[in-house]
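Undergrad: Here is how the chains run, residue by residue.
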Amino acid sequence: MTLGVLLVDDEPLIRSGLRAIINAEPDLAVIGEAEDGASVTSLARRLRPDIVLMDVRMPIIDGIEATRRLLANLDDPPRVLVLTTFENDDYVFDALRAGASGFLLKRARPDEVIRAIRLLAAGESLLFPTAIRELAARCSPAETPARGLDAAGLTDREAEVLRLVAQGLSNAEIASQLIVSLETVKSHVAHVLTKLDARDRTQAVIRAYESGFIIPR
Amino acid sequence: MPRARELLAIPARSSTWQRYAYLVVGAALVPPYGTLAGFVAPALEGGLGATAAWGLAIVVCAVVLPIATGMLPAVRELEIGAARRLLGVGIADLQTLDAKTSWPTRWRSAAWFVTHLVIGGVIGSVTVVLPPALVSACFAPFESGDVQLGRLDATVPGGPGSAWIVPLALLSPLALIYIAAAAGALLSWLSPRLLGPSPTERLAAAQRQAMRLAERNRLARELHDSVGHALSIVTVQAGAAERVLDNDPVFVRDALTNIQTSARNGLRDLDHVLGLLRDDVVSRAPTPTLADLRQLIDSSRSASIDITAELTGQFDDVPQAVSCEAFRIVQESLTNAARHAGRAPVSLRLKVGADELELELTNPLNGNHPRHAGGGRGLDGIRERVMSLRGDVSAGADSGQWRIAVRLPLRPPP
Numbered sequence: 001m002t003l004g005v006l007l008v009d010d011e012p013l014i015r016s017g018l019r020a021i022i023n024a025e026p027d028l029a030v031i032g033e034a035e036d037g038a039s040v041t042s043l044a045r046r047l048r049p050d051i052v053l054m055d056v057r058m059p060i061i062d063g064i065e066a067t068r069r070l071l072a073n074l075d076d077p078p079r080v081l082v083l084t085t086f087e088n089d090d091y092v093f094d095a096l097r098a099g100a101s102g103f104l105l106k107r108a109r110p111d112e113v114i115r116a117i118r119l120l121a122a123g124e125s126l127l128f129p130t131a132i133r134e135l136a137a138r139c140s141p142a143e144t145p146a147r148g149l150d151a152a153g154l155t156d157r158e159a160e161v162l163r164l165v166a167q168g169l170s171n172a173e174i175a176s177q178l179i180v181s182l183e184t185v186k187s188h189v190a191h192v193l194t195k196l197d198a199r200d201r202t203q204a205v206i207r208a209y210e211s212g213f214i215i216p217r
Numbered sequence: 218m219p220r221a222r223e224l225l226a227i228p229a230r231s232s233t234w235q236r237y238a239y240l241v242v243g244a245a246l247v248p249p250y251g252t253l254a255g256f257v258a259p260a261l262e263g264g265l266g267a268t269a270a271w272g273l274a275i276v277v278c279a280v281v282l283p284i285a286t287g288m289l290p291a292v293r294e295l296e297i298g299a300a301r302r303l304l305g306v307g308i309a310d311l312q313t314l315d316a317k318t319s320w321p322t323r324w325r326s327a328a329w330f331v332t333h334l335v336i337g338g339v340i341g342s343v344t345v346v347l348p349p350a351l352v353s354a355c356f357a358p359f360e361s362g363d364v365q366l367g368r369l370d371a372t373v374p375g376g377p378g379s380a381w382i383v384p385l386a387l388l389s390p391l392a393l394i395y396i397a398a399a400a401g402a403l404l405s406w407l408s409p410r411l412l413g414p415s416p417t418e419r420l421a422a423a424q425r426q427a428m429r430l431a432e433r434n435r436l437a438r439e440l441h442d443s444v445g446h447a448l449s450i451v452t453v454q455a456g457a458a459e460r461v462l463d464n465d466p467v468f469v470r471d472a473l474t475n476i477q478t479s480a481r482n483g484l485r486d487l488d489h490v491l492g493l494l495r496d497d498v499v500s501r502a503p504t505p506t507l508a509d510l511r512q513l514i515d516s517s518r519s520a521s522i523d524i525t526a527e528l529t530g531q532f533d534d535v536p537q538a539v540s541c542e543a544f545r546i547v548q549e550s551l552t553n554a555a556r557h558a559g560r561a562p563v564s565l566r567l568k569v570g571a572d573e574l575e576l577e578l579t580n581p582l583n584g585n586h587p588r589h590a591g592g593g594r595g596l597d598g599i600r601e602r603v604m605s606l607r608g609d610v611s612a613g614a615d616s617g618q619w620r621i622a623v624r625l626p627l628r629p630p631p
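For the protein sequence lines, the chains are A and B, in the order given. Quick note on numbering: the numbering used here labels position 15 of the first sequence as 15, and the sequence is numbered without any gaps. Quick note on numbering: the numbering used here labels position 356 of the second sequence as 573, and the sequence is numbered without any gaps.
One or more of the hints may lead you astray.
Anything over 10 Å on all C-beta distances counts as not near chain A; from chain B, calculated [claimed, not checked]:
no.	residue
1	Val352
2	Gly378
3	Pro384
4	Ala392
5	Tyr395
6	Ala458
7	Ala555
Label pairs and their in silico Cβ distance ranges [to be verified]:
no.	chain 1	residue 1	chain 2	residue 2	range
8	A	Ile60	B	Pro626	24 to 32 Å
9	B	Leu462	A	Arg118	18 to 26 Å
10	B	Lys568	A	Ala72	40 to 48 Å
11	A	Gly212	B	Lys568	53 to 61 Å
These are calculated hints, taken from the structure and not from any lab test. Just so you know, even glycine gets a beta-carbon here, dropped at the ideal spot from N, CA and C.
Based on the provided sequences and hints, a complete structural model is requested.
TA: Here's what the structure looks like:
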C-alpha cells in the first residue's frame with residue numbers, strides 16, 4: 001500500500017526537492033501540491049492524502065490556519081507534518097496546537113524526511129519528543145487548570161503510558177518496559193487518545209504538557 | 218538600638234568622606250567667580266560708585282555667571298559623572314550629550330550647579346577655618362589676655378574660666394563631619410531630581426530603545442527569511458539530487474543550478490544584512506528621516522534608477538518615528554523595485570497631510586516579477602514597519618503596474 005503525500009509550500013524548489021525525495025521511495029508518492037494554504041482543504045478532500053507536508057509561512061493563508069481548517073472540515077483528515085526552517089520557531093508550536101501531528105525541519109536529511117512520514121502514518125511513536133517538550137515548556141500553562149487531566153479520568157496504567165509516550169517511546173518500547181503485550185499497549189494508547197479527545201500521540205502529549213499533567217524538565 | 222548605631226557609624230563610612238570630597242570640589246569652584254568679581258568691581262567703581270559697582274559685580278559674577286556655567290551641557294555631564302562617583306547615586310544615563318539639551322533641563326542643571334557651589338562653599342570654608350581656630354581655642358585656658366580664634370575675627374577670654382571651650386573645640390570637627398554628611402545626604406536626594414533626565418528625555422530614550430529593538434527584530438527576521446530560506450532550498454535540493462542521482466540525471470542537473478542560484482541569493486542577502494549591522498555598529502549615524510529623502514532619490518538616480526518623485530507637504534512636522542520608518546519604507550521599496558524590475562522607471566508619490574502620511578510607489582511589471590513570497594520577503598519588512606505604526610499597506614499588481622501604497626497616521630489614536 002502506498003502512502004499518499006500532499007505537499008504544501010510556496011517555494012517551488014522546496015516542493016520539487018521533497019517530491020524527488022518522496023517519490024524515490026517505492027511505498028511513498030506525492031499525489032498533489034499546493035503553493036498556499038487556501039486550496040489545501042479542497043485538494044485533500046479530492047485526493048485523500050495520508051500525510052500533508054505543510055509549510056508554515058505562506059501567503060494568503062498560512063500553514064497554521066490551513067491546518068486548522070483541514071482538521072475542522074474533513075471527516076477523516078490526513079496527518080499534518082509541519083515544515084519549518086528553524087527549530088525554535090514560535091509558529092511550530094502554534095501549528096501543533098492547531099492540530100498538526102509533528103514537525104519537520106527543512107534541513108532534515110532525506111532519510112529523516114522519509115522516516116518522519118512513515119512514523120506519522122503509523123502513529124506508533126512520537127516525532128521529536130525533545131523538541132515538543134521544549135516547545136511545550138514555552139507555552140503558558142496558566143490558561144489551563146493545573147491538574148486539567150483529572151477530568152479525563154485516566155487509570156493509573158493509562159497515565160503511566162501517557163508519560164512514556166511523552167518521553168518519545170514507541171508502542172513496542174512501552175510494551176517491553178511495562179512487561180505487557182504490544183496489543184495491551186495499543187489499547188491503552190487508544191483509550192488515552194479517546195479520553196483526552198486527541199487525534200494522535202502528539203496531540204495527547206501537547207495536552208498533557210498544557211494541562212500541567214507533565215511538567216517540562 | 219540600630220538607629221543610634223547607624224548614626225555613630227556615619228564618620229566611619231567611606232560614603233561620608235566621598236560626599237565630603239564632592240562638597241569640597243564645589244567649594245573649589247567658588248574662588249574663580251570671587252576673583253573675577255574682585256577684578257570687575259574696581260573697574261566699575263569710577264563710573265558707578267563703590268556700592269553700585271560691588272553690587273553689580275557680585276550679581277554678575279556670583280549669580281549670573283554660575284547659573285550660566287551650570288547651563289552648559291558639558292558641565293552637566295561633568296556634574297553627573299562626579300555625582301555618580303562621589304555621591305554614589307544612580308542617575309539614568311540617557312546620552313544627554315548627543316541629544317539637544319532642553320531649557321528646563323538646563324535650568325535644573327543650573328540650579329544643581331549653584332546648590333553645589335553654595336553648600337560646598339560653606340562646608341569647604343568651615344573646613345579650612347576650623348582647624349587653626351580649634352588649636353587656638355585649646356590654648357585659651359592657659360593664656361592671660363583675649364585669644365583670637367585662628368584667623369577668625371572672633372576672640373575668647375583667656376584664663377582657667379575658659380576651660381569649657383576645650384571639649385567644645387575638640388568636638389567641633391565631629392560636628393562638622395555630621396553637618397557635611399547631612400549636606401551630602403541632601404545633595405544625594407536632590408541629584409536625581411536636578412541631574413536626572415526629564416520626562417521628555419526619558420520618552421525620547423524609550424523611543425530610541427524601541428526603534429533599536431524593532432530594527433534588531435527586523436534584521437533577525439530578514440536573516441530568517443532570506444538566508445534561512447536559501448539554505449533550506451540548498452539542503453532539500455542537494456538531498457533530493459543525491460537520492461535520485463542514478464535514475465534522474467536531468468533532475469540532478471536542475472538541482473545543481475537551483476543550489477547555485479539559491480546559495481548566491483542567500484549570500485547576497487547575508488551581505489545586505491551584514492552591511493546594515495556593520496553600518497549600525499561603525500557609523501552610529503543618526504537614523505535617516507524624510508529630510509534625507511532627496512539624497513536617497515539622488516543617489517538612486519545616480520545608480521541609474523529612473524525615478525519620478527512627487528513630494529508634497531511639510532516633512533518637518535512629521536514625528537521622528539514616523540519619519541524614520543517612512544524613509545526606510547521608501548528605501549526598501551526602491552531596493553525591491555531595482556531587484557525585481559531592473560531599470561524600469563519608478564514613480565514615487567509622498568504626501569504629508571494634516572493627520573496622515575501617504576506614500577505610493579509604482580513601477581511597470583516586466584513579466585518576471587515574482588508572485589511568490591520570494592519577492593515578498595522585502596515586503597514583509599515593510600508590512601512590519603507599517604504595522605508597528607498602526608498604518609495600512611497594500612501591495613500587488615494593478616493594471617500592468619506593481620504598486621505599493623502605504624498610509625501612516627501622524628498622530629497616535631487617542
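Undergrad: Grab the minimum beta-carbon distance between Ala555/B and chain A and tell me whether it stays above 10 Å.
TA: Ala555/B is indeed farther than 10 Å from all Cβ atoms of chain A, at 22 Å.
Undergrad: Compute the least Cβ-Cβ separation between Pro384/B and chain A, then decide whether it is above 10 Å.
TA: Holds: least Cβ distance 68 Å, greater than 10 Å.
Undergrad: Regarding the assertion that Ala458/B does not contact chain A, is the least Cβ-Cβ distance greater than 10 Å?
TA: The claim is violated: Ala458/B sits with its nearest Cβ about 8 Å from chain A, within 10 Å.
Undergrad: Once the closest CB in chain A is found, is it more than 10 Å from Val352/B?
TA: Per Cβ check, Val352/B is outside 10 Å of chain A; nearest 72 Å; holds.
Undergrad: Grab the minimum beta-carbon distance between Gly378/B and chain A and tell me whether it stays above 10 Å.
TA: holds, 81 Å
Undergrad: Look at the Cβ atoms of Ile60/A and Pro626/B and judge whether their distance stays inside 24 to 32 Å.
TA: holds, 27 Å
Undergrad: Say whether it holds or is violated: Ala392/B keeps its Cβ farther than 10 Å from all Cβ of chain A.
TA: The claim stands: Ala392/B keeps its Cβ more than 10 Å from every Cβ of chain A (closest is about 59 Å).
Undergrad: Is Tyr395/B truly not at the interface, in the sense that its beta carbon sits beyond 10 Å from all beta carbons of chain A?
TA: Holds, since 53 Å exceeds 10 Å.
Undergrad: Taking the beta carbons of Leu462/B and Arg118/A, is their distance inside 18 to 26 Å?
TA: holds, 22 Å
Undergrad: Is it true that the C-beta distance of Lys568/B to Ala72/A lies inside 40 to 48 Å, as the hint says?
TA: holds, 44 Å
Undergrad: So does Gly212/A sit 53 to 61 Å from Lys568/B, Cβ to Cβ?
TA: Between Gly212/A and Lys568/B, where Cβ atoms are some 55 Å apart, the hint holds.
The structure fails to meet hint 6 from the earlier list, while all remaining hints are met.
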